Amino acid sequence: MHSHSRFLDLYVILTVILVAAGCQTTATSAPNATAAPATAVSNATAAPTAAVAPVTIHILTQDQAGMKPAEIDQIARDFEALNPGIKVSMEYVGYDAIHDKIVTAMAANPPGYDASMIDVIWPDEFIKAGYLLDVTNRITPEMKTGIFPASWNGVTRGGKVYGMPWLMDVKYFMYNKDILAKAGIANPPATWEELVTQAKTIKDKSLVEFPINWSWNQKEGVVCDFTALLFGNGGAFLDASGKPIFNNDKGVQVLTWMKQTIDEGISNPSAVSSDEGAVEASFLAGKAAFAVNWMNQYADSNNPASSQIVGNAAFAPMPVFAAGAAAGIKSASVDGSSSFAIMATSPYKDQVWKFLVYLTSNEIQMKFSAEMLPIWQNDFSGALLTELEGKTPTNPVTVPAFLAQFPYANERPTVPYYNEGSAALQLAIQEALTGVKSPKDALDAAAAKWVELAG
Amino acid sequence: MKLRLNLRQKDIGIAWLLVIPSLLVILGVTLWPIIYTFFLSFYNVQAGLNAVRTFVGLDNYLTMIKDQVFWETIGRTAYFTGVSVSLEIVLGLAVAQLITSKPWGWQFLRFALIIPWAVPTIVNGAMWRWIYSSDFGALNGLLYQLGLIRHYIPWLSNPNYAMNLVIVADVWHMMPFVALVMQAALAGLSPELEEAAAVDGANAWQRFWLIRLPLLRPALLVALVARTVDAFRVFDIVYIITAGGPAFRTATITYLTYLTTFAYGKQGLGAALSFLISAFILVMAFIYIRILYRPEEI
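Chains as they are written, first to last, in the numbering used here: chain A, 1 to 455; chain B, 1 to 298.
To be clear, the hints were calculated from the coordinates, so they are not data collected in a lab.
Since this is a predicted model, take the numbers as computed values, not measurements.
Accuracy of the hints is not assured; some may be wrong.
[Unchecked claim] The calculated BS3-like cross-link candidates involving lysine-lysine, where the alpha carbons are at most 25 Å apart (straight line), are:
| no. | chain 1 | residue 1 | chain 2 | residue 2 |
| --- | --- | --- | --- | --- |
| 1 | A | K177 | A | K144 |
| 2 | A | K449 | A | K250 |
| 3 | A | K128 | A | K449 |
| 4 | A | K203 | A | K182 |
| 5 | A | K449 | B | K102 |
| 6 | A | K437 | B | K10 |
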């Protein structure tokens, strides 16, 4: 009986301690969550315990385009060495998971992530939801004038800045020099019609079964490719009043062409279920003569560990349709830039900002420029250009390719309902490509959905 | 007597003390989210900090019930559930019979059976996505080597194939669960009934259909309910292999709920969808129990 009572006492004490510990976490973290950045910093530096226990900031980003996770990890460790009070915890996920992970994380306070990579198509939705911190006052004049204006456009709404530019990327047109040479083709195509002609020559000579692969699976990649093709045909997503026009003749022509290239065996039929990774895999295996993909594919194509076409990949300006060329369009691609944004409810806004400034600094971006080029415009002229081109073996090729293609990057619509609108467009394109609907009917249905979402 | 009652009362008190922490956890991580989701399902609420909630009553439920996409998705989910659970039950029972008959290597078979089930669903999905890969997949490689195809087939690009291929991946993953349940049930059956039937002239099929299968009914009920509930909520394997494509032809009801709630930020509508899924599952479980549950036979 005595031991029974002691057991109970012990049990009650343990329970109380555990509950109190749980409450303690909430009690200390909640005020921080709403504290101003200055308060968070002063807490971290003033309290004696804060100097001993470093603050850990959690950053979410993708493991696809841009720097490799190992490179970012190295940057984070270098930053920690310079800033002993801050530890950086990076989380790498596929691009397609990031949006939804942000939405989920923001349901908690403080959120699961203090900052995240954000694609150029998300700011409107996230600003409306109140997720992103306004960092306008943190932007220095050097940043404002040093970074490409196009990068700022991606994170600026109503004169306020909601993130730090990080990656300037567009979709590039790449070709296999060896396959084109064997086919007797002197120059890569300037128009999509010319690509079809060249592809037929390549097929006739049995050099590859399907000359081009695309990321046309039911994800954002298909909308990116559609954007490049649509603008290359003189089309657009919305008119001046915001009404969808991607279903007009220009859009229908593009989707009809996409379907036709699959039917004729020009485009790989697996494109309907391929993402950018699958496109890269077939191009690097020498199974495709052409590919439309992000810049990192070029560096990967020259990596002997993963590529069978080392030294054979080359860039050409993204082709346009003959009608677009006749209208004076020289090239048309899609903007795939991204930024890092601080979550509005993060308790460590200053620490995160410090890391983002370091991560996006000219020195770091110059050093790790094999997979992505710097956002700093001075790097592309004069002595800095020479330095940049000498930084990695691929830069002498990628830098001119970037300078040639980026001016022709087109934006996808900047609307708060973009994600759902994009899903409707992805469905429409896939319905047309798989023959479920005609291109016209499919695009009309998607346009109707956009009108409904805008209303 | 009084002392006994006091001891019993004390035991009840201790029991409650021991259970309360678990109850608090269950309340916090299970019951409260369910209650909150039910509450949300009556509001129009968009994802976001300080989002404005508007009470809409049953509108979210009515919106979905009137939506053609919802019913198409329910149809696809029912197809996935029906075909995958049927295959798992039939194959699982066959494999369990095989193990019970103890052929050469049956112990290895029983061990090997656990491997597909032990593989996490995400890994299983990624593995099958590579098997189905048009350019590099093992399925095309095998069929090509056997001379059955002349060109590689883009399996997951075809709206007519895609759902069936996801079902194959799910059956490979979950059939072992059914087989193990059935094998355990078969091991508990007395051989005397079947031996007596054999003496009376019953053939193997009659012994299986008229004696063994009815005796397996409780185990079948467990396997059917567990697998049907699981299959109707399928999400991860679809997300990994097809992401709902091509042309939404593999999007199941849970995938639609995920898109609605997180990708489109319509949390009220997503909450209503969650409860509609629960309603469908409850109805199916009720039907199974009415048909198969015979307490007098247990």
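These are the hints, each one checked on the structure:
no. : hint            : result
1   : A:K177 / A:K144 : violated (40 Å)
2   : A:K449 / A:K250 : holds (19 Å)
3   : A:K128 / A:K449 : holds (20 Å)
4   : A:K203 / A:K182 : holds (12 Å)
5   : A:K449 / B:K102 : violated (60 Å)
6   : A:K437 / B:K10  : violated (71 Å)
Hints 1, 5, 6 from the earlier list are contradicted by this structure; the remaining hints agree with it.
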